[in-house]
Amino acid sequence: MSRVRVLVGTRKGAFVLTSDGKRQNWDVSGPHFAGWEIYHMKGSPADPNRIYASQSSGWFGQIIQRSDDGGKTWHQPGTPPGEPTTTPEGMPKAESNKFVYDTSPETGKPLTTHQWYDGTPHPWEFKRVWHVEPSLDDPDAVYAGVEDAALFRSTDGGKNWHELAGLRGHGTGPAWQPGAGGMCLHTIIIDPSNPKRIVIAISAAGAFRTDDGGKTWKPINRGLRSLYIPNPTAEVGHCVHHVAMHGARPNVLFMQKHWDVMRSDDAGESWREVSGNLPTDFGFVIDVHAHEPETIFVVPIKSDSEHFPLDGQLRVFRSKSGGNEWEPMTKGLPQRDCYVNVLRDAMSVDTLDPCGVYFGTSGGQVYGSADGGASWTPIVRDLPAVVSVEAQALA
Amino acid sequence: MIRVVLPAHLRKLAHVDGEIKVEVAGPVTQRSVLDAVEALYPMLRGTMRDHTTQKRRAFVRFFACEQDLSHESPDAPLPDAVASGKEPFLVIGAIAGG
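Quick note, the sequences are listed as chains A and B, same order. Residue numbering for the first sequence follows the numbering used here, starting at 1 and increasing by one per position. Residue numbering for the second sequence follows the numbering used here, starting at 1 and increasing by one per position.
No wet-lab data here; the hints were simulated from the structure. Cβ coordinates follow ideal geometry from the N, Cα and C atoms, glycine included. Hints are not guaranteed to be accurate.
Residues on chain B that point at chain A, a partial pick, calculated with CB under 7 Å [claimed, not checked]:
{"id": "1", "residue": "P42"}
{"id": "2", "residue": "M43"}
{"id": "3", "residue": "G46"}
{"id": "4", "residue": "T47"}
{"id": "5", "residue": "T52"}
{"id": "6", "residue": "T53"}
{"id": "7", "residue": "Q54"}
{"id": "8", "residue": "R56"}
{"id": "9", "residue": "C65"}
{"id": "10", "residue": "A76"}
With the Cβ distance kept under 7 Å, some of the chain B side facing chain A (calculated, not the full set) [said to hold, decoys possible]:
{"id": "11", "residue": "H9"}
{"id": "12", "residue": "S32"}
{"id": "13", "residue": "K55"}
{"id": "14", "residue": "F63"}
{"id": "15", "residue": "G93"}
25 Å max Cα-Cα, derived BS3-like pairs, lysine-lysine [claimed, not checked]:
{"id": "16", "chain 1": "B", "residue 1": "K55", "chain 2": "A", "residue 2": "K127"}
{"id": "17", "chain 1": "B", "residue 1": "K55", "chain 2": "B", "residue 2": "K21"}
{"id": "18", "chain 1": "B", "residue 1": "K55", "chain 2": "A", "residue 2": "K159"}
For reference, chain B alone in the conformation it holds in the complex:
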């Protein structure tokens, strides 16, 4: 079970409080985790990744285990601690504006 923490705006859209948990079959990567999140919460499609290119939106970042994974390949394996559920995968709105 993968733990995912969404920013407040997206929690509101998805009608969830706190962390969400998703199942991922196969390798645990940014892509597979976000695919699982969007399958469970389809209203989030297009809010973290561009609909067409599937690239991360410019003001969205991905952190885990005190690392910035935003610029890692979407198909690179996430840290073991994320895959095991020990640490969450964090979706963050960039600190900009107000």
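Okay, chain A solo, but in the shape it has when bound:
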């Protein structure tokens, strides 16, 4: 019997929700790392019991945690307690929470400035990991998207992290600027047909793609139009909130931008708007049905200044045509007096049949649908504010 596991990151700890394939009765474990912000957790496709978690604190900085048993126990994959932190030669040993921008002449890029909120230059400063993306085929390989925006990779299970500096240093960095949440790299999509092709997105810089495993990158923002930047069609500067892809069609990308829901059919070379009949096209999440590559989900939010659903009605909108024609999914969701937000990494789908869809809210609810979005049930109602949701189907 198949099972499903939903990994929930919140402002005050991590929770693991598990159920059998019916997805009616759920067990809840947590809080793990109580009191810490858990920006994201994700399991390895190659070993679903290997889970990486980004644990963060404004006081004490960034920690990477790893579980090798499906979230029952966790450890920091750096130097074990009691062992010297340096080699006999004096070199620092593994430290899983060490994220240092690579400025070396061999593999790095000089640290430049990006734009601050007022447009003045501001130095790059590491703050936290927003998103962890395990490799598709190697449990020890994992990417991390960080604030201030950069991409890091570990190939030893999270013990050591190295920046893929070609992204930060590819040339447009001085024009990037932070969104309200910070200048974060929040989306990492690995092409399953070509793992050297990776798409990432940064708020507020835009989407970028590498075709050589992270050495070189280019902006892929043609077709985006953002009225809140001096040149609305600039190469970079767009506040991309999230990007999603179906593994069977890696050239088709769906984007929830600050405003506008967008679609690309050429791996990001060009984008067109597919907001269609959405009541508002501001929002954060976007995801694709596991078995229907043209079925996509968004949760419209009223506006950039009012981060809650329109008219107090929490509605998931589903398009079965890859955009433009949308229908509201309301069954089981509050349709009055609801003023929660749904953050960019807080929606996920499982691969069971029918496809399960999940999202978490700033009010601490995690809603699940076991029928492709047609009806919803709160799995939990009163967690801390939810930051991220990731679903795993288990054999």
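Position chain B relative to chain A; hints supplied.
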């Protein structure tokens, strides 16, 4: 033996309850005490001081003997009462946020 009190979040990371005790060879300073703490509990590296600059993180403070030592030189001697183990060295999370 130097007594060190960590904030709750860091005790959890280090898997310890209550005070910890570290040995320091040579002068007892913020740097030597924190070096000793991190050697014993390497998971705490980067949580109190920046990995690269070794500067105190902005929201971390150091108290001892009813004094705020946060802005003292990391190489200044700590009070004798800390060096003798009579008083603990306190690592504190700044009172901010929730």
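Consistency of the hints with the structure:
1. P42: holds (4 Å)
2. M43: This interface hint holds because 5 Å falls under the 7 Å limit.
3. G46: holds (5 Å)
4. T47: holds (4 Å)
5. T52: Hint holds; T52 (chain B) Cβ to chain A Cβ min 6 Å, cut 7 Å.
6. T53: Violated: closest Cβ of chain A sits about 11 Å from T53 (chain B), beyond 7 Å.
7. Q54: Violated, because the Cβ-Cβ distance from Q54 (chain B) to chain A comes to roughly 12 Å (cut-off 7 Å).
8. R56: violated (11 Å)
9. C65: Interface hint status for C65 (chain B): violated (23 Å vs cutoff 7 Å).
10. A76: violated (23 Å)
11. H9: This hint holds: H9 (chain B) lies near chain A, its Cβ roughly 6 Å from the closest one there, short of 7 Å.
12. S32: violated (15 Å)
13. K55: violated (12 Å)
14. F63: violated (15 Å)
15. G93: Status holds, d = 4 Å.
16. B:K55 x A:K127: Distance ~15 Å between K55 (chain B) and K127 (chain A) Cα, so the pair holds.
17. B:K55 x B:K21: holds (22 Å)
18. B:K55 x A:K159: Given pair K55 (chain B), K159 (chain A) holds - Cα atoms ~23 Å apart, limit 25 Å.
Figure legend: structure checked against the earlier numbered hints; hints not met, in rising order: 6, 7, 8, 9, 10, 12, 13 and 14.
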